[in-house]
Every structure is written in structure tokens, then in C-alpha cells.
Amino acid sequence: MENQTLESEKREKTDAELIDLAKIDPESFGLLMERYQMPLFHYIRRITQLPKEDIEDLLQEVFIKIYQKLNEYNEILKFSSWAYRITHNHIIDYFRKTNARPRANSLEDSELAKILKSGTDIEKDMNTKDCLEKIKECLEDIPLKYKEILVLRFIEEKSYEEIMDILKKPKGTVATMIARGREAVSLKMREKGIDCF
Amino acid sequence: MDKFMKNIIEDTIGKIKKENIRLQPRWKYLAKKYSAWTSFFLVALIGAAAFSVAYFIVSQLDWDLYRVMHRNPFFYFLSLLPHLWIILIVALAFFAFFNLRKTETGYRYDFSKIAITVLGILLFFGLSMFFLGFGGKLNSSFGRHFPGYEKLVMTKESQWSQPEKGFLAGTVNSVSENTIDLQDLSGKEWQVSFDENTTIRPSVNLEKGEMIKAIGREEKSQTFRSDEIRPWQGRGQTKGDRSKENGNSDGGRMNGRRK
Numbered sequence: 001m002e003n004q005t006l007e008s009e010k011r012e013k014t015d016a017e018l019i020d021l022a023k024i025d026p027e028s029f030g031l032l033m034e035r036y037q038m039p040l041f042h043y044i045r046r047i048t049q050l051p052k053e054d055i056e057d058l059l060q061e062v063f064i065k066i067y068q069k070l071n072e073y074n075e076i077l078k079f080s081s082w083a084y085r086i087t088h089n090h091i092i093d094y095f096r097k098t099n100a101r102p103r104a105n106s107l108e109d110s111e112l113a114k115i116l117k118s119g120t121d122i123e124k125d126m127n128t129k130d131c132l133e134k135i136k137e138c139l140e141d142i143p144l145k146y147k148e149i150l151v152l153r154f155i156e157e158k159s160y161e162e163i164m165d166i167l168k169k170p171k172g173t174v175a176t177m178i179a180r181g182r183e184a185v186s187l188k189m190r191e192k193g194i195d196c197f
Numbered sequence: 198m199d200k201f202m203k204n205i206i207e208d209t210i211g212k213i214k215k216e217n218i219r220l221q222p223r224w225k226y227l228a229k230k231y232s233a234w235t236s237f238f239l240v241a242l243i244g245a246a247a248f249s250v251a252y253f254i255v256s257q258l259d260w261d262l263y264r265v266m267h268r269n270p271f272f273y274f275l276s277l278l279p280h281l282w283i284i285l286i287v288a289l290a291f292f293a294f295f296n297l298r299k300t301e302t303g304y305r306y307d308f309s310k311i312a313i314t315v316l317g318i319l320l321f322f323g324l325s326m327f328f329l330g331f332g333g334k335l336n337s338s339f340g341r342h343f344p345g346y347e348k349l350v351m352t353k354e355s356q357w358s359q360p361e362k363g364f365l366a367g368t369v370n371s372v373s374e375n376t377i378d379l380q381d382l383s384g385k386e387w388q389v390s391f392d393e394n395t396t397i398r399p400s401v402n403l404e405k406g407e408m409i410k411a412i413g414r415e416e417k418s419q420t421f422r423s424d425e426i427r428p429w430q431g432r433g434q435t436k437g438d439r440s441k442e443n444g445n446s447d448g449g450r451m452n453g454r455r456k
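Just so you know, the sequences run in chain order H and R.
All letters in the first sequence, in the order written, are residues 1 to 197 by my numbering.
All letters in the second sequence, in the order written, are residues 198 to 456 by my numbering.
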């Protein structure tokens, strides 16, 4: 009973308070992991589309990195932005080390729809499964940096400021990259002659 | 998914404990953070020092000699600019810019803010160093310690050590009716002749030990025919003289004091 109360008290704590606790006791880090496990899991999935086991391994490595770097956390950032930044860097390192590219079809249909509906020039009513598959191919064909920024903005629904902190790029660059990412998807669609609406 | 996730949390905590994974010490983070700022300020200060030297050189040169040399003013100005220092200043400004970007929150500032900050620091500290005399001292030090320096950078000394082009400067040893015995900046003795057609600037003090600059032509070995004589510092014009010169080509002739 007493343990439950303690757990419940911990759950009400802010990220910054949990960080202070985790610095003393790794068990408290569990609560932070609990808070961010799903968002980070899906973020890794959306960018990499690795098998579940590989995402699990990556996520564990990310959590250990976050734990090791807790002393580096600066409260001028949101903890979530900082955690996403570490995840982003880890994914980049992973692709660099394994010399791999993100797999195709890493987005679910509903997620893809969010990106497509974000741009007036590519906003269309998607009717068929075949059409969605073709558009997914286009999205997978664009450079990772554009795909990632579209995921952060339209699926993770991060603000420009948050994306700026995650990618460590100025706000203007973030805005430019989002616009270029959308253009790149449209261009791929035109190149592949996708006109199934 | 929940069960799967719970396993990740338990596995991660288990791994942290089992492998005794520790937090990276805070001092490492602070050292990295402050070294980025220190690196930025060091580069900016070196850039400011380079600016103070360049400003010193520019302020010492005579910029009106294109008239005597019959050269296009624009190309003449370009040829006088301290290119070496300008390249160094630009390189250091870029380096400082990227150093500032590399600081913990440097990515938050846009290009123009960082550029204005870097230029502001270069200008403020550069001008401060110049007015404190640091630019001149550094320039002299480079001249003394780097033999090819004056060939690379047009300093006041190198500008006035070109008798073959008509520019000679040095210290007056003696003055007779129409001749000045002059020791140039490299210690060579010259006979500098002048007459009633020679413009002697009003603030020129023609007496032993004074430094002067002469514009004219080299006639034969160590003999120089002067068309104009200026004091070592500046152009030797008084306000009145400048206006006279603008309105009357004879203004200022033989105005110097002779002893």
C-alpha cells in the first residue's frame, strides 16, 4: 500500500523532478522511460521501420544513453525534445554504422495521410490502397532528413521550436526543410506519374 | 505492446544495475560547454586583434597618392588594402561564427543574429585595441619578426620606401639652400633637392632629426628630386591650406618652416 502511494507520488512528478530522482536511483528512471517509451518507440519505427526486436534493441540503447547523459540535461529544453534529440542522433549513428537505409513502408496509412494532408499542393482524397502504396514509395524515396522532419512535424505534431531543439537547427532552416520535404514528395509523385485521385 | 514495453523498462534497469552503468560526470559536460564558448571568444579576440592591425595600417597610409601616380583611384585603393589581414579577419569571423553555432544553444540563433554578434565583437574589441595602441604595436612586431611582412602588406613604411616610384621618407640630417640630406627608413643616405616649385606642406618642420616624406623622382643613385614634401605624420595640411589647395594649385608651396 505504502509502495503504491510512493509510486503514485512519483508519477505526479515533473520530468525535471524525475531526472533528479533518477540521478540518485536508477529505479526512478523507470518512470521516465514509462513516460517516453511509446512516443520514442513509434518515432524510431516511423523513421527506420526495423523489425520489432531491432526497434526494442535501439530503444534500450537510447534509454541507456539518456540515462548516462542525465547530467547534461539543461532545463532550457523540454525533456521530450532532449530525448528525441538523443534518439535522432542514435538512429543516424545506427544507419551510419550498419551502412543501411531506412526500410520502405515505414508509415501506417493514417500517418501517411497526415503528411499528405499537410500540404495544399499534395492534399488529395486517397481512395485506393494501391494509391497509398505508391505514395508511400515516394515518401521512402526522399532523403531521410526530409522524411524525418515531415514525421516530426505532421505525425509527431511537434512545434517548430521543438523540432529546432531536436535537430539542433535554426528555426528558419527547419521551416525551409519542411517546405523542401513536401516539395520533394510532390516531385517524386510527379516523376512517377502518380495520378490516382 | 504494454507487456513488451514493460520488459524493455525492466531489461534496461536490469542492464544499468548489472553492468554498473553510471551517469557521465557533470564536469565533462561543463568542460565541453565552456570550451565551446572559450574557443569562440578566443577566435573572436584574435579576429579583433587582426582588425586593430588592419585599421592601424589603413589609418597610417596616404590614400591620395593615386593623383601623383596617375592611377585609377578605385584600383589604387584596392592595391593599398591590407589583403593579408583582411583575409585573416574574414577567416576568423567565419570561424567565430561556426564556433558560436557549436555552442549549446547556438543553433537557436539565426544567421543574421550570429553574424551581427560576431561583427559587433570584432568592431568593438578591434577598435578598442586600436585606440589602446595595440594594433600599431602588433604591426611593428610583425615587421620586426617576419622578414617578408612588408612585402606582403603595404604599410606606411613600405609605401614610403619606393624611391624608384617617387616615394621616399626618412630623417633629416641637414638642410642647405636647396638640398636636404636624408637618411631613409633603411638607413641609406640621400640628397633630396627642392626649389620654389616644390610644395612644402605647412606643418613640415625642416630641421635635423625631423622625419619627412618626399614625393618626386629618383634622378641618379641616392639623389632625389622632390615635388612635394610632407611631414611623417599625415599630409601636413592645415584647414586653411586644404581650402587654398582646392582653389589654387600653388597653395601651400614653400610654406614649411626651415631652420
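Any given hint could turn out to be false.
[Said to hold, decoys possible] A short list of chain H residues far from chain R (calculated; beta carbon distances all over 10 Å):
(1) Glu34
(2) Pro51
(3) Glu56
(4) Gln68
(5) Leu70
(6) Glu72
(7) Ile86
(8) His88
(9) Asp93
[As the list claims (entries may be wrong)] Calculated cross-link-like contacts (lysine-lysine; reagent style PhoX-like; alpha-carbon spacing at most 20 Å):
(10) H:Lys78 x R:Lys212
(11) R:Lys348 x H:Lys69
(12) R:Lys215 x H:Lys23
(13) H:Lys65 x R:Lys348
(14) H:Lys168 x R:Lys229
(15) R:Lys230 x R:Lys334
(16) R:Lys214 x H:Lys65
(17) H:Lys69 x R:Lys299
(18) H:Lys65 x R:Lys229
(19) R:Lys212 x H:Lys69
(20) R:Lys310 x H:Lys65
(21) R:Lys212 x H:Lys65
(22) H:Lys169 x R:Lys215
(23) H:Lys169 x R:Lys299
(24) R:Lys348 x R:Lys362
(25) R:Lys225 x H:Lys23
(26) R:Lys212 x H:Lys23
(27) H:Lys69 x H:Lys145
(28) R:Lys385 x R:Lys362
(29) H:Lys65 x R:Lys385
None of these hints come from the bench; they were simulated from the model.
Think of the CB as a built atom: it goes at the ideal place given N, C-alpha and C, for glycine as much as any other residue.
Structure-based check of each hint:
Under the 10 Å C-beta cut-off, the non-interface status given to Glu34 of chain H relative to chain R is violated; the minimum distance is some 6 Å. Every CB of chain R lies more than 10 Å from the CB of Pro51 of chain H, the least distance being 13 Å, so the non-interface label holds. At the 10 Å boundary, the C-beta of Glu56 of chain H falls inside the reach of chain R, the nearest C-beta of that chain being 6 Å off. At the 10 Å boundary, the C-beta of Gln68 of chain H falls inside the reach of chain R, the nearest C-beta of that chain being 5 Å off.
Residue placement check: Leu70 of chain H does not keep its beta carbon more than 10 Å from all beta carbons of chain R (closest about 5 Å). Chain R draws Glu72 of chain H into its interface by the beta-carbon criterion, the shortest separation being 4 Å against a cut-off of 10 Å. Interface exclusion of Ile86 of chain H from chain R stands, the closest Cβ pair being 12 Å apart, more than 10 Å. With a least beta-carbon separation of about 13 Å from chain R, His88 of chain H lies farther than 10 Å from that chain, consistent with its non-interface assignment.
Listed as outside the interface, Asp93 of chain H is consistent with that label: its C-beta sits roughly 17 Å from the nearest C-beta of chain R, beyond the 10 Å cut-off. With a C-alpha separation of about 26 Å, the suggested pairing of Lys78 of chain H with Lys212 of chain R is violated against the 20 Å cut-off. Under the criterion of a C-alpha separation no larger than 20 Å, the hint pairing Lys348 of chain R with Lys69 of chain H is inconsistent with the structure, at around 53 Å. Among the hinted pairs, Lys215 of chain R with Lys23 of chain H is consistent with the structure: their alpha-carbon atoms are about 17 Å apart, no more than 20 Å.
Distance check on the hinted pair: Lys65 of chain H and Lys348 of chain R sit about 56 Å apart at the alpha-carbon level, beyond 20 Å; violated. For the given pair, Lys168 of chain H sits about 16 Å from Lys229 of chain R by alpha-carbon distance, which is consistent with the 20 Å threshold. For the proposed pair Lys230 of chain R and Lys334 of chain R, the alpha carbon gap of about 34 Å is over 20 Å, so the pair is violated. For the proposed pair Lys214 of chain R and Lys65 of chain H, the alpha carbon gap of about 14 Å is at most 20 Å, so the pair holds.
Our distance criterion of 20 Å between C-alpha atoms is met by Lys69 of chain H and Lys299 of chain R, whose separation comes to about 18 Å. For the suggested pair Lys65 of chain H and Lys229 of chain R, the alpha carbons sit about 17 Å apart, so the restraint of at most 20 Å is met. Taken as a hint, the Lys212 of chain R and Lys69 of chain H pair is honoured in the structure, with Cα atoms around 16 Å apart against an allowance of 20 Å. Taking the CA atoms of Lys310 of chain R and Lys65 of chain H, the gap is near 33 Å; set against the 20 Å cutoff, the hint is violated.
For the proposed pair Lys212 of chain R and Lys65 of chain H, the alpha carbon gap of about 12 Å is at most 20 Å, so the pair holds. The suggested pairing of Lys169 of chain H with Lys215 of chain R is violated, with an alpha-carbon distance near 37 Å, which exceeds 20 Å. In summary, the hint linking Lys169 of chain H to Lys299 of chain R is supported, as the alpha carbons are separated by about 11 Å, within the 20 Å threshold. The suggested pairing of Lys348 of chain R with Lys362 of chain R holds, with an alpha-carbon distance near 15 Å, which does not exceed 20 Å.
A hinted pair counts as satisfied when its Cα atoms are at most 20 Å apart, and Lys225 of chain R with Lys23 of chain H qualifies at roughly 16 Å. For the suggested pair Lys212 of chain R and Lys23 of chain H, the alpha carbons sit about 16 Å apart, so the restraint of at most 20 Å is met. About 25 Å separates the Cα atoms of Lys69 of chain H and Lys145 of chain H, which puts this hinted pair outside 20 Å; it is violated. For the hint linking Lys385 of chain R to Lys362 of chain R, the alpha-carbon distance of about 17 Å falls within 20 Å, and the restraint holds.
For the suggested pair Lys65 of chain H and Lys385 of chain R, the alpha carbons sit about 72 Å apart, so the restraint of at most 20 Å is broken.
Hints 1, 3, 4, 5, 6, 10, 11, 13, 15, 20, 22, 27, 29, counting from the list given before, are not met by this structure.
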